[in-house]
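Asks: Chains U and L: place on chain X using the hints.
Spelled out, the chains give:
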Amino acid sequence: MIERIRGLGRSTLVQVGDLGRASLLLFQAIAGRSQVGVHWRLTIDQIYAVGVLSLSIIIVSGLFIGMVLGLQGYTILADYGSEQALGQMVALSLTRELGPVVTALLFAGRAGSALTAEIGLMKATEQLASLEMIGVDPLRRVVAPRFWAGVISLPILSLIFVSVGCLGGALVGVSWLGVDAGSFWANMQASVDFWNDVFNGIIKSVVFAVVVTWIAVYQGYDLVPTSEGIARATTRTVVYASLAVLCFDFFLTAVMFGEV
Amino acid sequence: MPDVVAPFVEIENVVFRRDERVIYEGLSATIPRGRISAIVGPSGTGKTTLLRLIGGQLRPESGDIRVDGISVQGLKRDALFTLRKRMGMLFQSGALFAELSVFENVAFPLRVHTTLDHDLIRLVVLMKLEAVGLRGAVDLMPAELSGGMQRRVALARAIALDPEMIMYDEPFVGQDPIGLGVLLTLVKQLNQALGLTSVVVSHDLQETLSIADHVIMIANNRVAFEGSPADMQASADPLVEQFLNGRPDGPVRFHYPAPPISEAVS
Amino acid sequence: MYSRRLELSVGAFVVLGAICLAFLALEVSGLTQAGRQDTYRITARFDNVAGLTTRAKVSAAGVTVGRVVGIRYDAQTAGAMVEMDIQSDFDAFSLDTTASILTAGLLGEKYIGLSIGGDPDVLVDGDVIFDTQSAVVLEELIGRFLMNSGSDK
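Residue numbers (the numbering used here), protein chains in the order written: chain X, 1 to 260; chain U, 1 to 266; chain L, 1 to 153.
Careful, some of the hints might be misleading.
Stated by the list, open to error - EDC-like cross-link-like pairs, simulated, lysine to aspartate or glutamate; straight-line CA separation at most 16 Å: (1) U:LYS85 - X:ASP137; (2) U:LYS76 - X:ASP137; (3) L:LYS57 - X:ASP193; (4) L:LYS110 - L:GLU83; (5) U:LYS85 - U:ASP68; (6) U:LYS85 - U:GLU164; (7) U:LYS188 - U:GLU226; (8) L:LYS57 - L:ASP85; (9) U:LYS85 - U:ASP162.
Hints listed in this document are in silico derivations from the structure and should not be mistaken for laboratory results.
So that you can see chain X by itself, here it is in the shape it has in the complex:
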């Protein structure tokens, strides 16, 4: 029993220590002066790697999720004879929940794991140490551009996901199942509020972006530089980031939509 309590205490200390190191990493990476010109180009490179290269998976998943929502929503709403509310249902679920959350989960799997592996490999091949010896701070040179690229890319991906999803819902609802196009879009416009729904969704997405990218770069920077260590850290990135997204989603939803 005593041993168990002791173990609990020890693991708590390790967790708190991890959190402290992760915060320090983030702070050192993004605070302080940096050569804006050089780093801006690096950030653009990284936006390409984490954003542009994630486009296909985001568009395809967005389309299918929108179509599934259209199909499922139609069968349920048709029971109450209110098919015309389909647009409202599809758009609200996408803007408020599914858009930011699913995009963040896909992003953690596609881009987060790649970030961890890439930084981990740079550590394992001594590229980070080599940067240090050349007199360049790897936090600012390697970590900061990747962090910013993630924070910029994820909200954009999320917007694309939601838009494609709405179109997918319309495709199934209007073109295939015969919901009236006018009432589909009118209902959607009447119920979706830009500031309350779309904008709050964007805020969620920004929060998820910070959390996911932070976890990914920290896991990469802090891993044990062996092939086993990289494999483990990559897995941890996906697991931790996904859990963190779902957990933060609950709290953000409670704060944003709880009172209405």
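Replies: Relative to chain X, chains U and L alone:
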């Protein structure tokens, strides 16, 4: 050989621990200016760690490390980065930046630390690559080079800023005899032509001793021997003797510390 | 190294994001119609607002003219005060306008309908409507119907 050379690096009474494991317990050594010093010793004694301590990438628990009179462990981040411009380091794997070409790799320190214009940078890079015999590989990517060539490119990068000291971390590992000969010659040439203080960490004993002016042997958490290669060969110390002749058992035990086997099996 | 294609694709990526934002704003949330226009606030007192929520629409003759922004209990009149933001374009509601809580369809959401009276003076910011018709509570309605049919026998 004149023994009175001003030291470039002085290491005094350094204690260093990684987690609970003691790496150094009161280690002291000096690295003479403008000479080739070899750091040798059994595997796992933390020879690479010593280089990282000198470069300020690790900090000792106590003791003092001075590079050209400046205490490394007390330096702030910015001052440390300034000091590092005066040292080059060649990592075991070469550590070239995989996404940059050979040219960009060597140009990297110049771009970061100097305001030289494009043509001048090109000139310097080609000169450095010429020095390591790889000017023809300037437009290749690191992945297209063999291990030995990668190390030579990394060497060109390490000397791009004309450092005063260069540290080689296991430069000879995994080299065929020709590659090894090339690297040995390069280390020696760079030392003579540029007056570079050179530190070579290696366990390829004979090769290293053939070019070294000064040897530091590390074993059992401290310096076991320091002096010229000739003195080392003549040393009567059982530890040095065991190491030089490669005997499996001696002061460095063959068996990892354990209770007697009679207890373990009964 | 920094190829033109890479920069172009990143630029296209950001533009795509902006287009999607515009799409969501205009097509999905209809920001142009219900956007951040100038509004004025009037309040209506109801006996019962059961089921009405903030952000419910306010309509006149079936046209959306504003939104409900607040609902609170007023102890003095023992009723519910509903605050509505009405778009400034619609500034010709007479002083004797009545407000009623209506339901979209049988089970649809509640909204407020305004019907204009004949008074020459118009409602302005801060005015209160007391002439109102409360929400129809389905349970009461059913209860009354059952009682009536019982007494008829």
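Asks: Does GLU164 of chain U sit within 16 Å of LYS85 of chain U, going by the straight-line distance between their CA atoms?
Replies: The given pair, whose Cα atoms are some 9 Å apart, holds under the 16 Å limit.
Asks: Please verify whether LYS85 of chain U and ASP162 of chain U have alpha carbons no more than 16 Å apart.
Replies: 9 Å, holds
Asks: For a C-alpha distance cap of 16 Å, please report whether LYS110 of chain L and GLU83 of chain L respect it.
Replies: 15 Å, holds
Asks: Just to be careful, I want the Cα atoms of LYS76 of chain U and ASP137 of chain X compared with a cutoff of 16 Å; is the pair within it?
Replies: 13 Å, holds
Asks: Tell me if the straight-line CA distance from LYS85 of chain U to ASP68 of chain U falls inside 16 Å.
Replies: 13 Å, holds
Asks: For the pair supplied as a hint, LYS57 of chain L and ASP85 of chain L, is the alpha-carbon distance within the 16 Å limit?
Replies: 10 Å, holds
Asks: Just to be careful, I want the Cα atoms of LYS188 of chain U and GLU226 of chain U compared with a cutoff of 16 Å; is the pair within it?
Replies: Violated. LYS188 of chain U to GLU226 of chain U sits at ~20 Å, over the 16 Å cutoff.
Asks: Given the hinted pair LYS85 of chain U and ASP137 of chain X, is their alpha-carbon gap at most 16 Å?
Replies: 13 Å, holds
Asks: With a cut-off of 16 Å on the C-alpha distance, tell me whether LYS57 of chain L and ASP193 of chain X pass.
Replies: 12 Å, holds
Hint 7 alone, counting from the list given before, is not met by this structure.
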